[in-house]
Amino acid sequence: AAGVIQSPRHLIKEKRETATLKCYPIPRHDTVYWYQQGPGQDPQFLISFYEKMQSDKGSIPDRFSAQQFSDYHSELNMSSLELGDSALYFCASSPSGRGTGELFFGEGSRLTVL
Amino acid sequence: AQSVTQPDIHITVSEGASLELRCNYSYGATPYLFWYVQSPGQGLQLLLKYFSGDTLVQGIKGFEAEFKRSQSSFNLRKPSVHWSDAAEYFCAVGARKGYSSASKIIFGSGTRLSIRP
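Protein chains in written order, with the working numbering: chain H, 1 to 114; chain B, 1001 to 1117.
Among these hints, one or two may not hold up.
What the hints assert, rightly or not - The calculated DMTMM-like cross-link candidates involving lysine to aspartate or glutamate, where the alpha carbons are at most 25 Å apart (straight line), are:
1. K1061/B <-> E107/H
2. K1061/B <-> E1088/B
3. K1061/B <-> E14/H
To be verified - Cβ-Cβ distance ranges computed for the label pairs, FRET-style:
4. S86/H <-> G1053/B: 39 to 47 Å
5. R1069/B <-> G3/H: 29 to 37 Å
6. R63/H <-> Q1045/B: 28 to 36 Å
7. D71/H <-> S1080/B: 40 to 48 Å
8. S70/H <-> R1116/B: 51 to 59 Å
9. K52/H <-> Q1042/B: 27 to 35 Å
10. K1061/B <-> K13/H: 47 to 55 Å
11. Q41/H <-> K1061/B: 18 to 26 Å
Derived by calculation from the structure, the hints in this document are not laboratory data.
For glycine and all other residues, C-beta sits at the position ideal for the given N, C-alpha and C.
Start from the sequences and build out the full structure, keeping to the hints where you can.
The following block contains the structure:
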């Protein structure tokens, strides 16, 4: 079965640079979520989109922005990168409608800021 | 808003011994509940989930969890652990929303499980 696809899987950037992460949800899933997991931390919710509109917002820095496109894929843009942005970034997707509430996670994109 | 607490940061058990990882949640109604496992540097693997029905949920790898509404708990259990079970375990809670959109899930701080040979 198709899963959530994240790219790139690994990314190395310098401080103050910009990075873009991409997420391709499971087909027919219309909701996408972004999470950030720092070293030794639990995944923290950043932002979510439903039908291309922002549906919820968590602890996302102002330097970060995200959007969901017409094909439901999503991109997380991170600017003015800081050392503390080094983390594993997860994308998840889910279908709308009454279900189990399960989010389907991708394998994550590891960002290292030097 | 929902929240979840995992009171044990690190647990060590002997191989073959039983395991129970604690999880308490806060939510005004019946939540969605999940347990995930994560090996170092790896992704999140869903062990099991509860959304309705039988309060004792069976998952993969021999794990089970019991939803206890009166205690706001969803503890994870395994009768006999294997060395390969050493990992970080996260409990997570999701809110029930309307038809139009699903809800984010909130993770607990995690419990690191070590296995003693």
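- Task: Compare the distance between the alpha carbons of K1061/B and E1088/B with 25 Å, and conclude whether the hinted pair is satisfied.
- Result: holds, 15 Å
- Does the Cβ distance between S86/H and G1053/B fall inside 39 to 47 Å? At roughly 41 Å between Cβ atoms, G1053/B and S86/H fall inside 39 to 47 Å, so the hint holds.
- Look at the Cβ atoms of S70/H and R1116/B and judge whether their distance stays inside 51 to 59 Å. Holds, at about 53 Å.
- Determine whether the Cβ-Cβ distance between K52/H and Q1042/B falls within the hinted range of 27 to 35 Å. For K52/H and Q1042/B the Cβ distance comes to about 31 Å; the hint holds.
- 25 Å Cα cutoff - pair K1061/B, E14/H: violated, 41 Å
- Supplied distance hint 28 to 36 Å, evaluated on CB atoms of R63/H and Q1045/B: Between R63/H and Q1045/B, where Cβ atoms are some 31 Å apart, the hint holds.
- Query: Can the suggested window of 40 to 48 Å be confirmed for the beta-carbon pair D71/H and S1080/B?
  - Reply: holds, 46 Å
- May I ask you to test the hint 47 to 55 Å on the CB atoms belonging to K1061/B and K13/H? Check failed, 36 Å falls outside 47 to 55 Å.
- Item | Assessment of proposed distance window 18 to 26 Å (beta carbons of Q41/H, K1061/B) | holds, 24 Å
- Please work out if K1061/B and E107/H have their alpha carbons no farther apart than 25 Å. Since the Cα atoms of K1061/B and E107/H sit roughly 20 Å apart, the hinted pair holds (cutoff 25 Å).
- State, for the Cβ atoms of R1069/B and G3/H, whether the hinted interval 29 to 37 Å holds or is violated. Holds, since R1069/B and G3/H (Cβ atoms, about 33 Å apart) stay within the stated range.
Hint check: violations occur at hints 3 and 10; the rest are consistent with the structure.
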